[in-house]
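S.K.: Read off the chains here:
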Amino acid sequence: MRWPERPTGGVRPAGAPYPSRPPPPAPAPRTSLPVSQVDSAPPPEANPEVRPSGGPRIPGPGEAVVLFWRWLRRMKSALYLLGLLGVLTVIATLVPQQPNVPTTVRAWRAGTEGPGVVVSGLLDAVGAYDMYGAPIFLATLALLFTSLTACLIPRYRAWWRLLRRSRPPASGSPDHQPYVQTFGTTAPRDEVLAAARTHLRGRRWRLRDPGPDAPDQVAAERGHVLREGGSLLFHTSFYLLLIGVVVGQLVSFSGQVGIVEGQSWADTAVGYWSYSPGRLWGDDDHRAFTLTVDEFEVDWYRDPEFGGTPKVFLAHVTVTRADGSSYQDTVGGNDPLVIDGMKVHLLDWGYAPRVVVFEGGQVVHDAHVTLGATEQGLWRGAVKAPSADPDVGLNAYLYPYAPERENGPVPTGAPWADDPLLAFEQYRGDLRLDRVQNVNTLDLTGLQLENDAYVRPGEVIDLGNGVVVAFPELRRWVGLQISNRPTVPLLLLAAGLILLGLVPSLYAHRRRVWVHVRDVGDHTRVTVAGRTFQRPQAFEPEFARVVAALRDRLPPAPDPEVPATPDLTEVLRR
Amino acid sequence: MTTAELSKVLFAPTTFLLYVGAMLAYFWTMAQRIDRAPAVEGQGAAGSVHVPGRRGLWLATGLASLGLAAHLGHLVTRSMASGGRVPWGNMFEYSSVMGFGVVLAGLVIFQWRMRRPEVVGFLLLGAILTMGGALLVWSEPGPLMPILNSEWLKIHVFAIMLAATIFTVGFVFNGLYLLRETAERRVAESNQARAVGSTVGAAYSPAGTLDEDADRDSSADAVPERTTLPDAVEGVDLRGGVSDPTEELDEGAYGRALKAAIDPRRLFAGTWLATAGLSWVFWAAEGWHRESWSGLGEFVTLVNWEGFARFFTVNTVLGVAAVIAWVLLARLPAATTLDSLAYRTIAFGFPIWTFAVISGAIWAEQSWGRYWGWDPKETSAFLTWLAYAAYLHARATRGLRGRGAAKLGILAFAVLMFTYFVVNLVVTGLHSYAGL
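Residue numbers (our numbering), protein chains in the order written: chain E, 1 to 574; chain U, 1 to 436.
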């Protein structure tokens, strides 16, 4: 029995607090003798040991699989796996991740930042620098999904049975249910039962078929299919999410490219600065459109209070499709552009001074150099002129707003290019361009710093060693990401289903109601009993409404002083 | 006075003082109800019933409502001073709105709808702590970065704040539950020891059969066991006179027994240390990036007294909060009620958090060109989701229901705070421009 006392008082009044008394004393710990000390234990020789003693028994391989499967099926195991996944995620939050911040990872590995080389080696051993690709993370995820599968298969079967064949049980003793209300009516039993059926069916309760096993009651149940169904939908949607992510990895594509204002760029496999296609992405999947950046609009709040807070980032572009049609559009921070299914995001921008390098009277470099922002209000990049002999390499630094004062230029750190200053460090020697290297930095191995100087727009300066540099104009460049992720709608669907399943799995509640009738003298005694498995606070008003509706449908017994509870003699008679 | 100045004055000190006053009034009301007998006290003429602490409750409600009004005024003026944007664009503003939400929920849901004024004081304390945290990261009202200028700011950030507010309320209930449950269990154990000594109750063990029954029903928010009897509420004895008179316990004696079961010094120390497990961030946040850990000489410069003061204050305030809860232990709702409240609160917040994470992914796809990039903030939001999912599952797992689940709930809130403070203050990521 669930309730030690008979709740004769009926429903707890709404708003009344829950019990706040101490629970009754727990049972005393049962003291029983160990088996070996009991006289009736069999003598050792009558029950010979099946396996050799000493050491724990090692299960065979087949048995181990079964044991492991059983372990996986337990909810506790799933919780442990969730916990392990959480711990790994914490590590990944605190340790820099290779795909996100490669430079920091390099510094941690070298020991110049972070906890030092020894810890760094340990982190590397468990794959902490790329946690989401690490074997331990993927193995945990796989185990979690296996555990989910192991849990779900029997639940699907049970739910299917519930859906097909469930019928609420009859109650042997409705008076002993947690919620009981009784009232008297002059209506005959059959009329009461019919009224109860009509009312409950109208409220979409699932009814037990009337039968000879419980002729004097109506049993009804609700909420069980929806609650478990929601939970199953919620959990199943994670497979859909997983499929979306994995397939997405295979068929997606994303690449980054920087385009200087006024220049054009064509969507081909070789045109990108960085390029990360999925395995199933082919070179001819590119849409071959051409993108021209007409102007990049950028501005800041220039008052002293919010100095430096950006106000607008907007790239005005002209798109020329492969079929020759062309139109103008914009790409903004939250406003990507979609061209033939390829999404164009504005992710980065910088200054792009045109730098012309003369060496011995010959032009060895004439292009816009894309400079990237650094933290100190300084844009930096590199000029590489391998056609000179020996190679000319320039580190370029741009201070956008460095007005001239008595003691020379003063960089203000402001990002707007009101008075730009471009400084160079000249290196000579082998730039090692035969190796893979970053466009925006020099590989300083074996290079000799010759000298440095700065230049204003429109000026020309002699850097010495026969190298003359001109800075004719300053433009801007925009960093665009071009991507194609065909599984995003699937992921959105999975996310929607997760929410759709989550709500009923938390809020639907399984509850039962019994309407029991009994002839008492000249009237019928109706007992409405209820039991809820979850959310009692939601069931109580519903139960009260069911009782009130039945009362209203039936003519009341003539004597208003019908006791609310069956009296003792009646109970004893039963 | 400019709008910005008005906004600041409305926040601190106005709203702060009103909330603190309201909190003290709530606690005082609760204390009144303990000290005087809660039994019905006839007021003589006209049969009016004197409920102790009624005027205190009026005062508390009034102060809290005034505080809410001032807070609302702060939010509106701040929005105006920032150029008409929604007032949740940086960490200070999130904290402020969350405090507002906690107090609003306390007044509307828990006091007005559920008639549980005894928990509102603790919710106010939670709100004050959140807003104190907001003052630590105070920023002047200003415009937003263009990347934040999106409809998704309203949707995603509001959902996150709403869910975090609800989880804060759930944390308060879980903390109070653990305290009250420990006390109730210890009292029950000592009663049982007495009962065993007098050879009563050992043969028939209702609790044992009930436990078995509870385990069979593996549903998440199972009906709270009514092994504890309803207490006398405003003079109406709900038990209907069926109960065994030997189980009758004097209300005051029971309250004293509950308080005696917990050592306040240990409670304070435990809370202080547990909070320190997370609040070290305030101490470490300053200079974290500036200094290297490789040499001891540099490490010493990590000691900054301002950060230490914050660390110390947060721990001590939470410790004091625990001691206040101990003082008012007898007036707290029963452990089963608190457990149920915590579960219902968190179960309400969980779908909202889920939605917030999903909307964040949608915004990331639109703004950063990828739906999920394991950015520290994304990761820890996912982690928070995992932690609360674990709590909800633990509620449905035999052996973990009750204390185990509540501890997981506390842990989940710690993860939420990690997401909020550690990731904003210590770890740099894509969300960091929104940070301070």
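What the hints contain is simulated information worked out from the structure, not anything from laboratory work.
Check the hints yourself; a few may be wrong.
[As the list claims (entries may be wrong)] FRET-style restraints, in silico, Cβ to Cβ:
{"no.": "1", "chain 1": "E", "residue 1": "V126", "chain 2": "U", "residue 2": "V320", "range": "37 to 43 Å"}
{"no.": "2", "chain 1": "U", "residue 1": "L72", "chain 2": "E", "residue 2": "A549", "range": "53 to 59 Å"}
{"no.": "3", "chain 1": "U", "residue 1": "W305", "chain 2": "E", "residue 2": "V312", "range": "53 to 59 Å"}
{"no.": "4", "chain 1": "E", "residue 1": "P210", "chain 2": "U", "residue 2": "W112", "range": "22 to 28 Å"}
{"no.": "5", "chain 1": "U", "residue 1": "W112", "chain 2": "E", "residue 2": "R204", "range": "29 to 35 Å"}
{"no.": "6", "chain 1": "U", "residue 1": "M80", "chain 2": "E", "residue 2": "V126", "range": "50 to 56 Å"}
{"no.": "7", "chain 1": "E", "residue 1": "R204", "chain 2": "U", "residue 2": "E189", "range": "43 to 49 Å"}
{"no.": "8", "chain 1": "U", "residue 1": "W305", "chain 2": "E", "residue 2": "V126", "range": "32 to 38 Å"}
{"no.": "9", "chain 1": "U", "residue 1": "A276", "chain 2": "E", "residue 2": "A125", "range": "26 to 32 Å"}
{"no.": "10", "chain 1": "U", "residue 1": "L72", "chain 2": "E", "residue 2": "E295", "range": "40 to 46 Å"}
[Said to hold, decoys possible] DMTMM-like cross-link-like pairs, simulated, lysine to aspartate or glutamate; straight-line CA separation at most 20 Å:
{"no.": "11", "chain 1": "E", "residue 1": "K311", "chain 2": "U", "residue 2": "D263"}
{"no.": "12", "chain 1": "E", "residue 1": "K343", "chain 2": "U", "residue 2": "E365"}
{"no.": "13", "chain 1": "E", "residue 1": "K311", "chain 2": "U", "residue 2": "E151"}
{"no.": "14", "chain 1": "E", "residue 1": "K311", "chain 2": "E", "residue 2": "D284"}
{"no.": "15", "chain 1": "U", "residue 1": "K377", "chain 2": "E", "residue 2": "D130"}
[What the hints assert, rightly or not] If we take Cβ atoms under 10 Å as the criterion, some of the chain U residues that face chain E in the derived model are:
{"no.": "16", "residue": "W28"}
{"no.": "17", "residue": "A31"}
{"no.": "18", "residue": "A260"}
{"no.": "19", "residue": "F268"}
{"no.": "20", "residue": "A269"}
{"no.": "21", "residue": "G270"}
{"no.": "22", "residue": "L273"}
{"no.": "23", "residue": "R344"}
{"no.": "24", "residue": "F348"}
{"no.": "25", "residue": "W372"}
{"no.": "26", "residue": "D375"}
{"no.": "27", "residue": "S380"}
{"no.": "28", "residue": "L400"}
Glycine included, C-beta positions come from ideal geometry on N, C-alpha and C.
S.K.: Now tell me if each hint is right for this structure.
M.R.: We went through each hint and held it up to the structure:
1. Here the CB-CB span from V126/E to V320/U is close to 41 Å, well matched to the stated 37 to 43 Å.
2. Checking the proposed 53 to 59 Å range against L72/U and A549/E shows it is violated: the Cβ atoms sit about 42 Å from each other.
3. The hinted window of 53 to 59 Å between W305/U and V312/E is violated, with their beta carbons roughly 42 Å apart.
4. Checked against the hint of 22 to 28 Å, the pair P210/E and W112/U fails, with Cβ atoms roughly 45 Å apart.
5. A C-beta distance of roughly 31 Å is found between W112/U and R204/E, which places it inside the suggested range of 29 to 35 Å.
6. In this structure the hint that M80/U and V126/E lie 50 to 56 Å apart at CB holds, the actual value being about 51 Å.
7. Between R204/E and E189/U the beta carbons are some 46 Å apart, a value that agrees with the proposed interval 43 to 49 Å.
8. For W305/U and V126/E, the Cβ-Cβ distance of about 37 Å falls inside the hinted range of 32 to 38 Å, so the restraint holds.
9. At about 31 Å, the beta-carbon gap between A276/U and A125/E stays in the expected band of 26 to 32 Å.
10. A hinted range of 40 to 46 Å for the beta carbons of L72/U and E295/E is consistent with their spacing of about 43 Å.
11. For the suggested pair K311/E and D263/U, the alpha carbons sit about 57 Å apart, so the restraint of at most 20 Å is broken.
12. A C-alpha spacing of about 10 Å is found between K343/E and E365/U, which places the hinted pair at or below 20 Å, so the restraint holds.
13. Proximity of K311/E to E151/U is assessed by CA-CA distance (about 17 Å); at most 20 Å being required, the pair is judged to hold.
14. Our distance criterion of 20 Å between C-alpha atoms is broken by K311/E and D284/E, whose separation comes to about 39 Å.
15. For the hint linking K377/U to D130/E, the alpha-carbon distance of about 16 Å falls within 20 Å, and the restraint holds.
16. Because the smallest distance between the Cβ of W28/U and any Cβ of chain E comes to about 20 Å, over 10 Å, the interface hint for this residue is violated.
17. Interface restraint check: A31/U against chain E, minimum CB-CB distance 17 Å, threshold 10 Å, status violated.
18. Interface restraint check: A260/U against chain E, minimum CB-CB distance 13 Å, threshold 10 Å, status violated.
19. Checking F268/U against chain E by beta carbon gives a least distance of about 25 Å; that is not within 10 Å, so the hint is violated.
20. With 10 Å as the threshold, the beta carbon of A269/U stays out of range of chain E, its nearest partner Cβ sitting at about 26 Å, so the hint is violated.
21. With a least beta-carbon distance of about 23 Å to chain E, the hint placing G270/U at the interface is violated under the 10 Å criterion.
22. Restraint check, L273/U versus chain E: the minimum CB separation of about 20 Å is more than 10 Å; hint violated.
23. Below 10 Å, beta-carbon pairs count as interface contacts, and R344/U has one with chain E at about 8 Å; its hint therefore holds.
24. Proximity of F348/U to chain E holds as hinted, the smallest CB-CB distance being about 8 Å (cut-off 10 Å).
25. Because the closest C-beta pair between W372/U and chain E is about 8 Å apart, less than 10 Å, the hint holds.
26. At a threshold of 10 Å, the smallest CB-CB gap from D375/U to chain E is about 7 Å, leaving the interface hint in force.
27. Hint status for S380/U: holds, given a least beta-carbon distance of 5 Å to chain E, under 10 Å.
28. With a least beta-carbon distance of about 7 Å to chain E, the hint placing L400/U at the interface is held under the 10 Å criterion.
In summary, the numbered hints that this structure violates are 2, 3, 4, 11, 14, 16, 17, 18, 19, 20, 21, 22.
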